[in-house]
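In order, the protein sequence lines correspond to chains X and Y.
In case it helps, the numbering used here puts the first sequence at residues 1 to 244.
In case it helps, the numbering used here puts the second sequence at residues 245 to 488.
In short, the hints are calculated from the structure, not lab data.
Treat the hints with care, as some may be off.
To be verified - Once the Cα atoms are required to be at most 30 Å apart in a straight line, the calculated DSBU-like pairs of lysine-lysine come out as:
#1 X:Lys204 to Y:Lys292
#2 X:Lys237 to Y:Lys448
#3 Y:Lys292 to X:Lys142
#4 X:Lys48 to Y:Lys386
#5 X:Lys204 to Y:Lys470
#6 X:Lys204 to Y:Lys448
Stated by the list, open to error - Among the chain X residues that face chain Y by a calculated CB cut under 10 Å, a handful are:
#7 Pro61
#8 Thr87
#9 Glu147
No residue lacks a Cβ here, since even glycine has one placed at the ideal position from N, Cα and C.
Protein chains: 2
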Amino acid sequence: MNSVSIPITTQGLQVACSACNLRELCMPVGLSDDELERVDTLIGARRKVARGMPLYLSGEPFQSLYAIRTGFFKTEVISEDGREQVTGFQMAGELMGLDGIGTGNHNCDARALEDSEVCVIPFNRLSELSREIDTLQHHFHKVMSREIVRDQAVMMLLGTMRAEERLAAFLVNLSQRFASRGYSATEFNLRMTREEIGSYLGLKLETVSRGLSRLQDEGLLSVSNKNIRIHKLDDLKKAMSPRC
Amino acid sequence: MNSVSIPITTQGLQVACSACNLRELCMPVGLSDDELERVDTLIGARRKVARGMPLYLSGEPFQSLYAIRTGFFKTEVISEDGREQVTGFQMAGELMGLDGIGTGNHNCDARALEDSEVCVIPFNRLSELSREIDTLQHHFHKVMSREIVRDQAVMMLLGTMRAEERLAAFLVNLSQRFASRGYSATEFNLRMTREEIGSYLGLKLETVSRGLSRLQDEGLLSVSNKNIRIHKLDDLKKAMSPRC
DNA sequence: CGGATTCTTGACTCCTTTCAAATATAGTGG
DNA sequence: CCACTATATTTGAAAGGAGTCAAGAATCCG
Numbered sequence: 001m002n003s004v005s006i007p008i009t010t011q012g013l014q015v016a017c018s019a020c021n022l023r024e025l026c027m028p029v030g031l032s033d034d035e036l037e038r039v040d041t042l043i044g045a046r047r048k049v050a051r052g053m054p055l056y057l058s059g060e061p062f063q064s065l066y067a068i069r070t071g072f073f074k075t076e077v078i079s080e081d082g083r084e085q086v087t088g089f090q091m092a093g094e095l096m097g098l099d100g101i102g103t104g105n106h107n108c109d110a111r112a113l114e115d116s117e118v119c120v121i122p123f124n125r126l127s128e129l130s131r132e133i134d135t136l137q138h139h140f141h142k143v144m145s146r147e148i149v150r151d152q153a154v155m156m157l158l159g160t161m162r163a164e165e166r167l168a169a170f171l172v173n174l175s176q177r178f179a180s181r182g183y184s185a186t187e188f189n190l191r192m193t194r195e196e197i198g199s200y201l202g203l204k205l206e207t208v209s210r211g212l213s214r215l216q217d218e219g220l221l222s223v224s225n226k227n228i229r230i231h232k233l234d235d236l237k238k239a240m241s242p243r244c
Numbered sequence: 245m246n247s248v249s250i251p252i253t254t255q256g257l258q259v260a261c262s263a264c265n266l267r268e269l270c271m272p273v274g275l276s277d278d279e280l281e282r283v284d285t286l287i288g289a290r291r292k293v294a295r296g297m298p299l300y301l302s303g304e305p306f307q308s309l310y311a312i313r314t315g316f317f318k319t320e321v322i323s324e325d326g327r328e329q330v331t332g333f334q335m336a337g338e339l340m341g342l343d344g345i346g347t348g349n350h351n352c353d354a355r356a357l358e359d360s361e362v363c364v365i366p367f368n369r370l371s372e373l374s375r376e377i378d379t380l381q382h383h384f385h386k387v388m389s390r391e392i393v394r395d396q397a398v399m400m401l402l403g404t405m406r407a408e409e410r411l412a413a414f415l416v417n418l419s420q421r422f423a424s425r426g427y428s429a430t431e432f433n434l435r436m437t438r439e440e441i442g443s444y445l446g447l448k449l450e451t452v453s454r455g456l457s458r459l460q461d462e463g464l465l466s467v468s469n470k471n472i473r474i475h476k477l478d479d480l481k482k483a484m485s486p487r488c
């Protein structure tokens, strides 16, 4: 125990947006120094979310958006008749909560797949500030729009691709997102279970498992439980298309 | 022929937003008279789109959003390897083009399924105005958010539902949207082909056809080509869930 | 009116699911 | 730190639902 209290709480370690290394991925991009300073005031607080715990649940009142600082999340919709659909996996620098704006309540569950930390962005203040800072407004609109485009890509995947193609597309997507964050594009650990992958891809967990085994047999990658090692990224990309 | 020129062009018949009967469905909601007047200046022009013609195509530079005044559209994504996925069907009062904000180019094709007319909303002016009118800003954010939620519902449909369930969900959705526009909830004409329904629902056209026949055999509705008559809307809703 | 498109239906195939069992892994408490 | 239990993963075999292929019928539209 320290006799002198050292601020080791979340708050104590806070890093301003202007100094955040996720800046490029997160909200503020292309702002002047002055504007960045004002955006710094936007982030209300940090919040830690332990693995398995919800960041928010469907039905809860919507107040804030969340930018992931560290960690990994899934978002999941549960229908009235009990069906569960994982609608996405989110990693550092990505924004969550956009679905809550429309109704004023969150429309899905967001759950940490590993111990994580998020920046809380009060939506009211984001609205205010984006009325004053054009760049911020436009950036926010772009982020929402990209989410729509991403969702459309998932529709395409679910509507037209076969099991192995879906799996290849899923892995290539993860690979690219890890790579853009400075991690290896060819080796990474899955944070989610086969069942969660299956829910996202519209497949049963057994089909996911078989698909991974098959891609391994084809020599495209190695699977060791949650660890993925991609040997032929190009061929994996080709496996996203029919007749391969 | 009229000897005296009467303005029968699109422009001549223009109706201000403040007098538009789609007001509740479209952009401006809950504005003061003063604000409504300013929003009127937002609508650049009307544009007619003949059946089968594109409102915009993927790749074209994004300039404007479009609010449907009359008619019916589909939006469709085409992937690099040639797969087509219908991502939605839009009717009067609904907004199209949100997917273009992110990249500055449209990311899908929007095509009229019947002769249609849209209001052109220049995005720049919408951005400006929404910086000045809180209500408009918030409404716009809500519309985008609802689009995300809608997309998530489609993911759920594609990821977890069986053919007949998807079809039932599709028809119930159409029914509700027609009803909220003052049309019959139980009888309407499909504007799209079986193939387009299939693309949207992740099914082949034969499966759509068989599904409709089946729902008819079960007595839930009558199908006569494009005409749908729903006899048991409650049971059709139940058919969206498993074990029916 | 007539070719082209769209729709329906049947028969068969194939991919994914279901059901089941064995194995491996991870988390927990002693 | 190890044992133990719950969870997660793999794999096989069989079943089922949607896809494919094909042909005929109906409808649309110029």
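So which of those numbered hints doesn't the model satisfy? 1, 5, 7
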